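Participant: Here are the chains, one letter per residue:
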Amino acid sequence: MGNSNGDSGEVQQERQRNCDISNSWNKMKGITEENMPKECDSSTVELRARKNGFKDNVVEAAPTNGCLKNCTANTTQCATANGTACSNSNSNSKQSLYTPAKKLSEFAAEHTRKTSFEEVPLHTACLTYLGFYLLMILGYINQLLFVPKVAKEENREGYVTLYDAFESFYSRYVYRRVRDCWNRPICSVPGDEVTLKDRVTNDYGWSFQFTGTETRCLNLGSYNYLGFADATGPCAEQSEETAREMGLAMTSTRVELGTTQLHLDLESLTARYLGVEDAIVFGMGFATNALNLPSLISPGCLVLSDEKNHASIILGLRLSGATTKVFKHNNMRDLERVLRYNVVHGNSKNGGKPWKKILILVEGVFSMEGSIVRLPEIIALKKKYKAYLYLDEAHSIGAMGPHGGGAVDYFGADPKDIDILMGTFTKSFGSAGGYIAGSKRLIDFLRTNSHAHCYASSMSPPIAQQIYTSMSIIMGLDGTDTGRQKINQLARNTRYFRRRLAQMGVITYGHEDSPVVPMLVYLFSKIGAVVRTLTTRHIAVVGVGFPATPIMEGRIRYCLSAAHTKEQLDYALEVIDEISDRLGLKYSRKPREPNTIEY
Amino acid sequence: MLKFLKNMLLSLYMQYELVTCIYMFEPWEKKLINSFVLLTLSLVIFSSVVYLPSYIETFLRFVSPLPEEEGGASYTPMLHTEKMSMS
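The listed protein sequences correspond, in order, to chains P and D. Numbering (this note's numbering) for the first sequence: 166 to 764. Numbering (this note's numbering) for the second sequence: 612 to 698.
Hint data in this document are derived by calculation from the structure and do not stem from the laboratory. Check the hints yourself; a few may be wrong.
With a straight-line cut-off of 35 Å between C-alpha atoms, the simulated DSBU-like cross-links for lysine-lysine are [stated by the list, open to error]:
{"no.": "1", "chain 1": "D", "residue 1": "Lys-614", "chain 2": "P", "residue 2": "Lys-751"}
{"no.": "2", "chain 1": "D", "residue 1": "Lys-641", "chain 2": "P", "residue 2": "Lys-751"}
{"no.": "3", "chain 1": "D", "residue 1": "Lys-642", "chain 2": "P", "residue 2": "Lys-751"}
{"no.": "4", "chain 1": "D", "residue 1": "Lys-641", "chain 2": "P", "residue 2": "Lys-362"}
{"no.": "5", "chain 1": "D", "residue 1": "Lys-641", "chain 2": "D", "residue 2": "Lys-614"}
{"no.": "6", "chain 1": "P", "residue 1": "Lys-751", "chain 2": "P", "residue 2": "Lys-493"}
{"no.": "7", "chain 1": "D", "residue 1": "Lys-617", "chain 2": "P", "residue 2": "Lys-751"}
{"no.": "8", "chain 1": "D", "residue 1": "Lys-642", "chain 2": "P", "residue 2": "Lys-362"}
{"no.": "9", "chain 1": "D", "residue 1": "Lys-617", "chain 2": "P", "residue 2": "Lys-755"}
{"no.": "10", "chain 1": "D", "residue 1": "Lys-641", "chain 2": "P", "residue 2": "Lys-317"}
{"no.": "11", "chain 1": "P", "residue 1": "Lys-473", "chain 2": "P", "residue 2": "Lys-362"}
{"no.": "12", "chain 1": "P", "residue 1": "Lys-279", "chain 2": "P", "residue 2": "Lys-731"}
{"no.": "13", "chain 1": "P", "residue 1": "Lys-549", "chain 2": "P", "residue 2": "Lys-490"}
{"no.": "14", "chain 1": "P", "residue 1": "Lys-317", "chain 2": "P", "residue 2": "Lys-279"}
{"no.": "15", "chain 1": "P", "residue 1": "Lys-317", "chain 2": "D", "residue 2": "Lys-642"}
{"no.": "16", "chain 1": "P", "residue 1": "Lys-751", "chain 2": "P", "residue 2": "Lys-279"}
{"no.": "17", "chain 1": "P", "residue 1": "Lys-473", "chain 2": "P", "residue 2": "Lys-731"}
{"no.": "18", "chain 1": "P", "residue 1": "Lys-755", "chain 2": "P", "residue 2": "Lys-279"}
{"no.": "19", "chain 1": "P", "residue 1": "Lys-493", "chain 2": "P", "residue 2": "Lys-549"}
{"no.": "20", "chain 1": "P", "residue 1": "Lys-514", "chain 2": "P", "residue 2": "Lys-490"}
{"no.": "21", "chain 1": "P", "residue 1": "Lys-279", "chain 2": "P", "residue 2": "Lys-473"}
{"no.": "22", "chain 1": "P", "residue 1": "Lys-268", "chain 2": "P", "residue 2": "Lys-549"}
Examples of chain D residues lying across from chain P (beta carbon under 7 Å, computed) [what the hints assert, rightly or not]:
{"no.": "23", "residue": "Leu-623"}
{"no.": "24", "residue": "Gln-626"}
{"no.": "25", "residue": "Leu-629"}
{"no.": "26", "residue": "Cys-632"}
{"no.": "27", "residue": "Met-635"}
{"no.": "28", "residue": "Glu-637"}
{"no.": "29", "residue": "Glu-640"}
Treat the numbers as computed from the prediction; the structure is a model and nothing was measured. Glycine included, each C-beta is placed from N, C-alpha and C at the ideal position.
Work out the full structure, taking the sequences as your base and the hints as a guide.
Facilitator: Here it is in structure tokens:
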């Protein structure tokens, strides 16, 4: 296995470098077309792609013939999705090339069984739009009649307004009415419980005053999946020690004076944790996406991005200048349609010449939908069309899989099949920052080219220590099975909470194993009502409304944690049941589970 | 009993507030919308009480087969438009 993986790693490195060499494919083309059909039993589409001169796959296969064989073996390895050793012999790879089809359909069936996106009832849809129009109309009337109680630009004759008009209108006259449900100040560690600082508003959300009191709430709003956000325990102690020893900040970039042994250790531990060759860490999760994507792709590249991808990815894609095609959320048929069209037709802006690179960009767990990426199918597609795969594991790393290794671990895929593994430390590790992991070549490339590495201040030592300690605990390097227990606890909590919610008859979105549980309330006013009511019952949740989701799909998002106990969840579920009766949230028309659900 | 009725009405009003987003508005806006809704409702009720019976009567006469006293063969509904005028 080691041998095969090592070789395939080199293939990827080779790819990484070679895809920038724009004219080498011509002379290699002859070799490839001779060899490819013989080596791997490819489908007609694959051949068509190659005949159309799709550059990446040609170049990838070009360097040596040996590489080609490894690449084929690698395909089977992923497709059988067991990550076990797979010999390089040609017969073996040919034989198992047929198994993926069956396996993949199984994966697809399992995915559809476990994932639910229930349709909105028609009358609710109409009412949601009606309510939204009412809010807008009254907002405009309000704006017309009264001067807003906020700062105005003065002495600016002739200037257009600097701030976006609709945005300020929206936040003043729609968002402001329920502003007390968001940006609530807290004054404790956001563990299983959180302390909210109470505040009141006397002018309907224009301004807030602190009352001086505090409310202790059950915390269902933090991405503290494994419960490592804690003011006590080994993580906190070691972080404190590091802060005393090394200070709070490096005040320099990684390439200058900001690299310490701790950062290097963290990078090697991250690589080991993910089962890849190398990793690079950044001090900011958002910047990991936004600033590294432009160094990987450039104009002339094509990016296939899931429609529900996070804002940081979208920003990164815009900065890179690459052509972005959006495919429907988690829809493999749509992804294949877009992929095939673009492989066949090439870059229309460049006279139909092939794209420089094609990158598929998906997230592991989608934070607003609570759905999980269909990784086995995407890997199969990526291999079929020879595209690169960038997987953002921001929400899935730590939270998914039997070893906490994210979506890759959950599906038992080979991490080397994903070209670029990205994730953040902000969620499961209870810290901050992000990482990119992959082949050594990719990471070395990023170390020299990434703006987030060269120009941004390096990660603060106590933060790095928190990640290091929590990651060691997850991996079981501290000699206990605390990490394993936490992962199991999270999985049990998730399944219990989701099934109980489904039994109640509220509509939840997403996959049954995803710890992000969006509960659909649709109407803007209901978001506010639910958040307010739950706060009075000492439960803190997050409401998500229009700018972050489509108008139609206002929702309450519960984030489960390994730190929650069954009693806490039972209390929360009881309250949710009660208020969803009162506020009318039980939209679901699915048959309900009649039996009590075991924890 | 009275309390129960009051509670039920209150929860109904709450539902109405929620589904129309009135829940989010300031008191004067709530009054504005509610009075608008009440005005519309009262107009609809008034008009249906005053005009609807005669409307329905003419409509029924319009769609129903020919009344016997008028004699059969020459009847075509399109020619009886004067029946639609308000009584």
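Participant: For every hint, state whether the structure bears it out.
Facilitator: Taking the hints in turn, this is what the structure says about them:
1. Only pairs whose Cα atoms come within 35 Å are accepted, and Lys-614 (chain D) paired with Lys-751 (chain P) is accepted, the gap being roughly 26 Å.
2. Taking the CA atoms of Lys-641 (chain D) and Lys-751 (chain P), the gap is near 26 Å; set against the 35 Å cutoff, the hint holds.
3. With a CA separation close to 29 Å, the supplied pair Lys-642 (chain D) and Lys-751 (chain P) stays within the 35 Å bound.
4. For the hint pairing Lys-641 (chain D) with Lys-362 (chain P), the CA-to-CA distance comes to about 29 Å; that is within 35 Å, so the pair holds.
5. With a C-alpha separation of about 25 Å, the suggested pairing of Lys-641 (chain D) with Lys-614 (chain D) holds against the 35 Å cut-off.
6. For a cut-off of 35 Å, the pair hint linking Lys-751 (chain P) to Lys-493 (chain P) stands: about 27 Å separates their Cα positions.
7. Using a Cα cut-off of 35 Å, the hinted pair Lys-617 (chain D) and Lys-751 (chain P) holds, with the two alpha carbons roughly 23 Å apart.
8. The hinted pair formed by Lys-642 (chain D) and Lys-362 (chain P) meets the criterion: a straight-line CA distance of about 32 Å does not exceed 35 Å.
9. Using a Cα cut-off of 35 Å, the hinted pair Lys-617 (chain D) and Lys-755 (chain P) holds, with the two alpha carbons roughly 33 Å apart.
10. A threshold of 35 Å between alpha carbons decides the hint, and for Lys-641 (chain D) with Lys-317 (chain P) the separation of about 28 Å falls inside it, so the pair holds.
11. This hinted pair checks out: Lys-473 (chain P) and Lys-362 (chain P) have alpha carbons roughly 33 Å apart, not beyond 35 Å.
12. Taking the CA atoms of Lys-279 (chain P) and Lys-731 (chain P), the gap is near 23 Å; set against the 35 Å cutoff, the hint holds.
13. Restraint check: the Cα-Cα separation between Lys-549 (chain P) and Lys-490 (chain P) comes to about 19 Å, which is no more than 35 Å; the hinted pair holds.
14. For the hint linking Lys-317 (chain P) to Lys-279 (chain P), the alpha-carbon distance of about 51 Å lies beyond 35 Å, and the restraint is violated.
15. The straight-line distance between the Cα atoms of Lys-317 (chain P) and Lys-642 (chain D) is roughly 29 Å, inside the 35 Å bound, and the hint therefore holds.
16. Pair hint Lys-751 (chain P) plus Lys-279 (chain P) holds up; C-alpha atoms about 20 Å apart against a cutoff of 35 Å.
17. For a cut-off of 35 Å, the pair hint linking Lys-473 (chain P) to Lys-731 (chain P) stands: about 31 Å separates their Cα positions.
18. Pair hint Lys-755 (chain P) plus Lys-279 (chain P) holds up; C-alpha atoms about 14 Å apart against a cutoff of 35 Å.
19. Of the pairs offered as hints, the one joining Lys-493 (chain P) and Lys-549 (chain P) holds, with about 20 Å between alpha carbons and a cut-off of 35 Å not exceeded.
20. Our distance criterion of 35 Å between C-alpha atoms is met by Lys-514 (chain P) and Lys-490 (chain P), whose separation comes to about 14 Å.
21. For the given pair, Lys-279 (chain P) sits about 19 Å from Lys-473 (chain P) by alpha-carbon distance, which is consistent with the 35 Å threshold.
22. For the proposed pair Lys-268 (chain P) and Lys-549 (chain P), the alpha carbon gap of about 16 Å is at most 35 Å, so the pair holds.
23. Annotation: interface hint on Leu-623 (chain D) violated; nearest CB of chain P at approximately 11 Å, more than 7 Å.
24. Here the hint on Gln-626 (chain D) is kept, as its CB sits about 6 Å from the closest CB of chain P, short of 7 Å.
25. With its C-beta approaching chain P no nearer than about 5 Å, Leu-629 (chain D) sits inside the 7 Å limit, and its interface hint holds.
26. Taking 7 Å as the C-beta contact cut-off toward chain P, the hint placing Cys-632 (chain D) at the interface holds, the least distance being around 3 Å.
27. For the restraint placing Met-635 (chain D) at the interface with chain P, the shortest Cβ-Cβ distance is roughly 4 Å, inside the 7 Å limit, so the hint holds.
28. For Glu-637 (chain D), the shortest C-beta to C-beta distance to chain P is roughly 5 Å, which falls under 7 Å, so the interface hint holds.
29. At its closest, the beta carbon of Glu-640 (chain D) sits 6 Å from a beta carbon of chain P; the interface hint therefore holds under the 7 Å criterion.
Going through the hint list in order, the structure does not satisfy hints 14 and 23.
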